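Novice: Modelling step: build the complete structure from the supplied sequences, incorporating the hints.
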Amino acid sequence: MSAGPALGLRSSNAGNALELRGVGRLFGALAALSDITLSVRPGERRAVLGSNGAGKTTLFNCITGDFPPSSGVIRFFGEDVTAFPPQERIRRGLRRTYQISSLFTGLTVFDNVYLACRGVSRNRFSLLRPRRDEALMQAAESLVEAVHLAPVRDRLVGELAYGQQRQLEIALALSGAPRFILFDEPAAGLSPTERRDLVHILTSLPSHIGYIIIEHDMDVALRVVESVTMMHNGRIFKEGRPEEIETDPEVQELYLGGAHG
Amino acid sequence: MSSFVARRPLASLLILIAGALFLWLVFAVWTPGMEAAFGRKRVFLSALFNGITLGALYFLVASGFTLIFGLMRNVNLAHGSLYLLGGYLGFSVGSATGSWVAALLASFVVVALAGILMQVLLFRWMEGQDLRQTLVTIGLSIVLADLLLWGYGGDTFQVETPAWLSGPVQLPFAVALRSNGEAVMMTYPALRLAIFLGAVVVGVLMWLALNRTRVGMLVRAGVDDRDMLSATGVRVQLVFVMVFAFGAGLAGLAGVVGGTFQSLQPGEDTKILLSSLVVVIVGGMGSIPGAAVGALIVGLAEQFGSVYMPTYAVMLTFLIMVAVLAVRPQGLAAVRR
Amino acid sequence: MAVGTSPAPLGLTDPRTGDAAGAIARLGVSFWVFSAVLILMPLIASPFWLVQIFAYAAILGMIALSLMFLAGYGGIVSLVQMTVAGLAGYLVAILGDSAITQISLTWPWWVAVPIAILIATLFGTISGALSVRTEGIYTIMITLAIASAFYYLTLQNYTIFNGFSGFNGIVPPRFLGVDWRGTNAFYYLALGCAALAYWAVVYVSRAPFGLALQGTRDNPRRMAALGFNVAAHRIAAYSFASVIAAVAGVLLVWFQGQMSPGTAGVGPVVDILIIAVVGGLGRPIGPFIGALVYVLLRTFSLDALEAIGLDGKRFQLVIGLGFLLIVLFSPGGLIGIYERLRERHRRSQDTRAATMNAAGRGP
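Chains as they are written, first to last, in my numbering: chain A, 1 to 261; chain B, 1 to 337; chain C, 1 to 363.
Derived from the structure by calculation, the hints contain no laboratory data. All of these numbers come straight from a predicted model, not from anything done at the bench. Beta carbons: idealized from backbone N, C-alpha and C, even for Gly. Heads up, a few of these hints could be off.
Claimed, not checked - Taking CB as the label site, the calculated pair distances span:
#1 A:208 <-> C:337: 52 to 58 Å
#2 A:158 <-> C:345: 21 to 27 Å
#3 C:304 <-> A:158: 56 to 62 Å
#4 C:171 <-> B:169: 58 to 64 Å
#5 C:199 <-> A:162: 38 to 44 Å
#6 C:325 <-> B:18: 50 to 56 Å
#7 A:88 <-> C:174: 52 to 58 Å
Claimed, not checked - Here are some, though not all, of the chain B residues that point toward chain C, as calculated from beta-carbon distances under 8 Å:
#8 188
#9 281
#10 329
Said to hold, decoys possible - Facing chain C, according to a computed beta carbon distance under 10 Å, are these residues of chain A, among others:
#11 28
#12 68
#13 82
#14 85
#15 87
#16 95
#17 102
#18 104
#19 111
#20 114
#21 118
#22 120
#23 172
#24 175
#25 176
#26 227
Specialist: As structure tokens, this is what we get:
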């Protein structure tokens, strides 16, 4: 099917899926990230929480390679990817969704998913038209089904409702053979029914796929993860299990009661 | 600059040595050996100063162009036509009144008005549609060029140099030694000297306006981030109109200047537009210092090219542009984001 | 960054584009009528119309199609397409036979033409490579600068390009037993090449490559995030477009019989953009319609203008005003106007059907 990374599991570093050591990111004089050190095991589900400006999206941007960190090392499944461009990290199984849907509005739903599946395969430059039963076409079909978008598969994305666009956003991240996904506020703007749908989709992902989710909606976030990292002013200030974090007095002061708007 | 020197000591040293060599070339009297190798010093100095004054003209045109793009993301391909319009107008006003200064003022004002009309009647309704704005400027340039052709015909015009600027001025650069050991000093047309000084004054005034006034600060902020500009609550459209008017007026003024020490004819609009394109590609879009640097480089390249390798002068300019695109696509003065 | 509407994406599995046989079966009546008219044209039209109007429009249409492919599907507005065509034309004159015997190498046409197309395509690709690393809006500037540099090169260089006078005495060859210089033969040659180019664009636009190109138009950042090399795709698009422009350039030099700097000057370069925009960047047929309008205007404007009492030389003014009108009021070009009318017609038919149904529902 698509070219999943031919790396296999590296046995060094206790086989972490994602590992950050001392990662920092400066914007001029502003330290958006300082000394971030964290590790996530394969298949682990984690939430990164924090108030606005805590550095969560910057963290994601560093991990995906939108810009390089000012300091520190990033390892993905044991491989040092700190200097890799985004395409290289994608091809090794990293995926990401965006806070503001980043879709191809001039193309249909199916085309969007097909492109996503195509991106990590070989033959990206193919000038030939695929046949209906071609493997990638099948994969795209099942993905469209998996995110409940089959009824609108030939609709232009620009004409979709907001909730449907968010579903498509997730479909793009599930394309190819992802090993690790970064979800950036997937619940933003969704109705209660759509949130339940989202929780269902997230919890029914294959268990080998780990993810980090940034979310303001604690309800959604704490129900789909097994560990939580709290950030504040570009630093990690607490880590633990969802129940622990929920009841931690410092967290309540800083995030739930205080700075969180 | 000290950080530059600190980071690249070798490059800085090389630049220093090259600069010293250059200064020596300019100020010393050339030995016969040197003249055999480089040609006559007068030719060299001519090319040098003509290049600088040509660069001054290009700066006047390109700075308006780059401002308009930097703030409004509008690639104004009608800029050359505005130059020609100002030139022809200046010629008419100059012939009618006999005053060069009146021609300059009239061109600036009229072409600035044209710019206001363009922004208010057309571009304001196409906010954010960069390509569409550019296509409109192309259409306008075609219409304007044909109207000018209709009005002024295919002849070549030249704006008359005012009496107080004609004639040569002596410069402190020696070109040769007379047999009695006295140095022969270089003379240079006062007009070109005045143009160079004028461009410098305009450049400095623009720098002051951009960096020391409130409006200038808004313009610079807008160049960096247009959404942020509208967030400040200022009347964005008013700033846009002012900038477009100023840029256009400057082009019109440059038309009179160019029409004085060069000439005006159909096709001049395309030539000056293309030169401006190369200037801003080399110097960096949206940057006034970049326009100055780019204009100087392009002016010098064109002049030295036409003197020392006439068949391929244009290719030299073009090669510089390609080199900049290959190595540093955002332009020489652009900030690396 | 497209003006007006992007080309309608029929998608990979739109039932209308299922397979070849099915696709052909579903072509409308209008397509067959239109094709029949084109093929039978030599029976109806005079040699002047066949060559000076239709063949010329087909050639210009191909160059404009090359621009439309990049602009409509890739969001890239490139002004270097006419230059690519001009270079190809020049190379045919230089490598093949012409009246300028001190320069022309008199290679046989089946060597000269492929090499000309190859070199011109290479030139187009390199131009693309230079401009894809900058933001979209710069492309127009950079390609315009490249085009003008080529113009000045051909104007000032006498050893290769013969400067101001250029080349003349270039004729289409004889092959397959046909003298392609003949009126009908050349008409069919131009028509055939144009049809081939048209079909190639339609096909590629719906292949994964074309789809990915449209992706880079809509959201380049996301394409990179999905694993695509956006710059490589764009450069490849330039290559594909340049092939079309290069073939058109060969036809152009055969049509004109001569090649000079003015053929690929700034005026013609901008004219191609005008043709593509006026025709419409939304569908591949747009550039050909724009080219036909342009050729008709250019041929008959002298008489038409004088008939209204204006100076016949004001052709450029007419072109400029017409272009402005289109950009201001119908950015989708003439195709856009046609589609809006068709939409309105369909909507009025629907309402009429609906009212009839409502009225018919009686006791």
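Novice: Now, for every hint given, state plainly whether the structure supports it.
Specialist: Hints, verified against the model:
1. Checking the proposed 52 to 58 Å range against residue 208 of chain A and residue 337 of chain C shows it holds: the Cβ atoms sit about 55 Å from each other.
2. Checking the proposed 21 to 27 Å range against residue 158 of chain A and residue 345 of chain C shows it holds: the Cβ atoms sit about 24 Å from each other.
3. For residue 304 of chain C and residue 158 of chain A, the Cβ-Cβ distance of about 42 Å falls outside the hinted range of 56 to 62 Å, so the restraint is violated.
4. For the hinted restraint 58 to 64 Å between residue 171 of chain C and residue 169 of chain B, the CB-CB distance of approximately 60 Å keeps it satisfied.
5. Between residue 199 of chain C and residue 162 of chain A the beta carbons are some 39 Å apart, a value that agrees with the proposed interval 38 to 44 Å.
6. Distance hint check for residue 325 of chain C and residue 18 of chain B: the Cβ-Cβ separation is about 54 Å, which falls inside the suggested range of 50 to 56 Å.
7. At about 54 Å, the CB distance of residue 88 of chain A to residue 174 of chain C agrees with the hint of 52 to 58 Å.
8. Evaluation of the residue 188 of chain B hint against chain C yields a violated restraint, the C-beta minimum of about 28 Å exceeding 8 Å.
9. A distance limit of 8 Å between C-beta atoms decides the matter here; for residue 281 of chain B the minimum to chain C is near 6 Å, and the interface restraint holds.
10. Hint status for residue 329 of chain B: holds, given a least beta-carbon distance of 5 Å to chain C, under 8 Å.
11. The closest approach between the C-beta of residue 28 of chain A and any C-beta of chain C is roughly 22 Å, which is over the 10 Å cut-off, so the hint fails.
12. The interface hint given for residue 68 of chain A is violated, since its Cβ lies 15 Å from the closest Cβ of chain C, which is over the 10 Å cut-off.
13. A least Cβ separation of about 18 Å between residue 82 of chain A and chain C goes past the 10 Å threshold, and the interface hint is therefore violated.
14. With 10 Å as the threshold, the beta carbon of residue 85 of chain A comes within range of chain C, its nearest partner Cβ sitting at about 8 Å, so the hint holds.
15. Checking residue 87 of chain A against chain C: minimum C-beta separation of about 5 Å stays under 10 Å; hint holds.
16. Nearest Cβ of chain C to the Cβ of residue 95 of chain A: about 8 Å, under the 10 Å cut. The hint holds.
17. Because the closest C-beta pair between residue 102 of chain A and chain C is about 5 Å apart, less than 10 Å, the hint holds.
18. Against a cut-off of 10 Å between C-beta atoms, the interface hint on residue 104 of chain A holds, since the closest Cβ of chain C lies about 4 Å away.
19. With a least beta-carbon distance of about 5 Å to chain C, the hint placing residue 111 of chain A at the interface is held under the 10 Å criterion.
20. The interface hint given for residue 114 of chain A holds, since its Cβ lies 6 Å from the closest Cβ of chain C, which is under the 10 Å cut-off.
21. For residue 118 of chain A, the interface hint holds, the least distance from its beta-carbon to any beta-carbon of chain C being 6 Å, beneath 10 Å.
22. Annotation: interface hint on residue 120 of chain A holds; nearest CB of chain C at approximately 5 Å, less than 10 Å.
23. Hint on residue 172 of chain A holds. Least Cβ distance to chain C is approximately 7 Å, under the 10 Å limit.
24. Hint status for residue 175 of chain A relative to chain C: holds, with the closest Cβ pair at about 8 Å, below 10 Å.
25. The interface hint given for residue 176 of chain A holds, since its Cβ lies 8 Å from the closest Cβ of chain C, which is under the 10 Å cut-off.
26. Violation of the interface hint for residue 227 of chain A is found here, the shortest Cβ-Cβ separation to chain C being roughly 25 Å, above the 10 Å cut-off.
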